Amino acid sequence: MSEVQISLCAYAKLLSHVVQYPYAAVNGILLTKDEKQGEDELLNIVDCVPLFHYNIPLAPMLTVALTQIEEYASNRDMKICGYYHANEYHSDNDVGPIATRIADKIAENCDSSCLIMVENEELNHIATSLPLTAFLPVWTNDRIDWKSCGKPALQFGQKGYGIGPEIIKKQIYRSLIDMDSHYDDISLHWDNAALNEVVKLYAEGLMGS
Amino acid sequence: AEVSTQSTGWPEIRNTLRAWRKENIRCSDKTVELGEYALQHYSASLGNEKWAVYEQVCIAALDMCPAKMKLVNKCIQVLSEQFPSSLRVSMLEGLKFEYLKKWDAALEMYDGMIEYEPTFPAPYKRKVAIFKAQNKIVDAVNELNKYLGTFSCDHESWLELADIYTTQQNYTKALFCVEEVLLQYPHNHLYHQRYADILFTLGGKENLEMSCKYYSKAAELNPGNVRALF
Chain A
0 MSEVQISLCA YAKLLSHVVQ YPYAAVNGIL LTKDEKQGED ELLNIVDCVP
50 LFHYNIPLAP MLTVALTQIE EYASNRDMKI CGYYHANEYH SDNDVGPIAT
100 RIADKIAENC DSSCLIMVEN EELNHIATSL PLTAFLPVWT NDRIDWKSCG
150 KPALQFGQKG YGIGPEIIKK QIYRSLIDMD SHYDDISLHW DNAALNEVVK
200 LYAEGLMGS
Chain B
252 AEVSTQSTGW PEIRNTLRAW RKENIRCSDK TVELGEYALQ HYSASLGNEK
302 WAVYEQVCIA ALDMCPAKMK LVNKCIQVLS EQFPSSLRVS MLEGLKFEYL
352 KKWDAALEMY DGMIEYEPTF PAPYKRKVAI FKAQNKIVDA VNELNKYLGT
402 FSCDHESWLE LADIYTTQQN YTKALFCVEE VLLQYPHNHL YHQRYADILF
452 TLGGKENLEM SCKYYSKAAE LNPGNVRALF
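Taken in order, these protein sequences are the chains called A and B.
For what it's worth, this note's numbering labels the leading residue of the first sequence as 0, then goes sequentially.
For what it's worth, this note's numbering labels the leading residue of the second sequence as 252, then goes sequentially.
Keep in mind the hints are simulated off the structure, nothing from the lab.
Errors might be hidden in some of the hints.
[Unchecked claim] Ranges of calculated distance between the beta carbons of each label pair, as one might list FRET restraints:
#1 B:G454 to A:N140: 22 to 30 Å
#2 A:N140 to B:G363: 50 to 58 Å
#3 B:D314 to A:K146: 45 to 53 Å
#4 A:N140 to B:S403: 29 to 37 Å
#5 B:E471 to A:I185: 53 to 61 Å
[Stated by the list, open to error] Listed next, the in silico EDC-like pairs over lysine to aspartate or glutamate satisfying Cα-Cα at most 20 Å (straight line):
#6 B:K383 to A:D91
#7 B:K383 to A:E118
#8 A:K168 to B:E287
#9 B:K376 to A:D93
#10 B:K387 to A:E87
#11 A:K146 to A:E40
#12 B:K353 to A:E120
#13 B:K397 to B:E430
Given the structure is predicted, the values throughout are model-derived calculations rather than measurements.
Built from N, CA and C at the ideal position, the CB exists for glycine as well.
All chains should be built: construct the whole structure from the sequences, respecting the hints.
Below you can see the structure in the form of structure tokens.
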């Protein structure tokens, strides 16, 4: 049983980010509702903010972005709850040092957090499964070990998988704005309101069927 | 602005393809869509430019394989007939080997090209790309350093090496690479900003002070550089 659930909206943005920059490593921040969470409760990722597709290991823009995202999230009753990362190379699905460092920092500053790694080789099967693996932090003295808890559950379950091929067929991923694009052109906003609307309509379609 | 074969006129399609070739922009799906359309419907209007478009479409189609393998083969065939024994066309065949993960065949091809024409930089760089694709980072770095020993003015390669060092968290060496680029392009705000980013990441009082100076320089050169302003 999965301990992490991801909403259709967050998954759509995450997948769009990966597909938009297939030649690069990408990363982003995961958000959850700002509510008290019991220890055994599912970590429910409701949204995400795509961060970078270039110069991921460099600190300054990450610091600025996290400050902006924290402010954005708290104004919408959300909080930062994790980090996602897709490696550059197709066959590399390991949790590398960069992903670990950033995820560690987030875990140190959040009550509950997770790390989601994109399984590049699974991107061929998005019609039938999520190309993601979730990791939860296990604290040992001062260290954090990231322990895999399998694939996260997707909102709407199997019915929701259809959003993956939809994003690629209708080229919805083209409209995604990440932090790098925002810093290149500040008039573009990284909340991706338009993409949120598209996913909302798709979700309403699923609820109706 | 969104460019598509449905909504855009011919001159704009041609200009877009030109701009993407000039600035080395990687948007393979759009390049294949526009390029294929241009070659099918406007081959005569392209004139001699069509060979460059064939090359551009071939490289973009390799990103879209296996779906576009027929297009790749067609481009290579057309270019081979037009330019027999061309090194640039051989590069495309090497790229195809790389896509098929036939690393030894690709390396053999590139080594042959280097022996035939040691001043042609492209095969050296593809060898580095092959090592990167196999996650052999040490080999990639060694190969790139060897290349830069001969072609020390290739700023693109210095930046590539800086990127590799950054992902390996070897920030001191990354700084050295960006310094080489700054020597050649002291008025480029992006390189000052990159230098500052690495200094900031390295940390420490002196590095942070120095990074502020480089951010200020970047902002002075381009007041629109948001990263430097932050």
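Structure-based check of each hint:
1. B:G454 to A:N140: 22 to 30 Å: With a Cβ separation near 24 Å, B:G454 and A:N140 satisfy 22 to 30 Å, so the hint holds.
2. A:N140 to B:G363: 50 to 58 Å: At 55 Å between Cβs, range holds.
3. B:D314 to A:K146: 45 to 53 Å: violated, 35 Å
4. A:N140 to B:S403: 29 to 37 Å: Cβ of A:N140 to Cβ of B:S403: about 48 Å, so the range 29 to 37 Å is violated.
5. B:E471 to A:I185: 53 to 61 Å: Check failed, 19 Å falls outside 53 to 61 Å.
6. B:K383 to A:D91: Holds - the C-alpha atoms of A:D91 and B:K383 are around 11 Å apart, at most 20 Å.
7. B:K383 to A:E118: Roughly 19 Å separates the two Cα atoms, so the pair holds.
8. A:K168 to B:E287: Between A:K168 and B:E287 the Cα gap is close to 19 Å, so the pair holds against 20 Å.
9. B:K376 to A:D93: violated, 26 Å
10. B:K387 to A:E87: holds, 13 Å
11. A:K146 to A:E40: Holds: A:K146 and A:E40 sit about 17 Å apart, inside 20 Å.
12. B:K353 to A:E120: holds, 18 Å
13. B:K397 to B:E430: Measuring from Cα to Cα gives roughly 18 Å; hence the hint holds.
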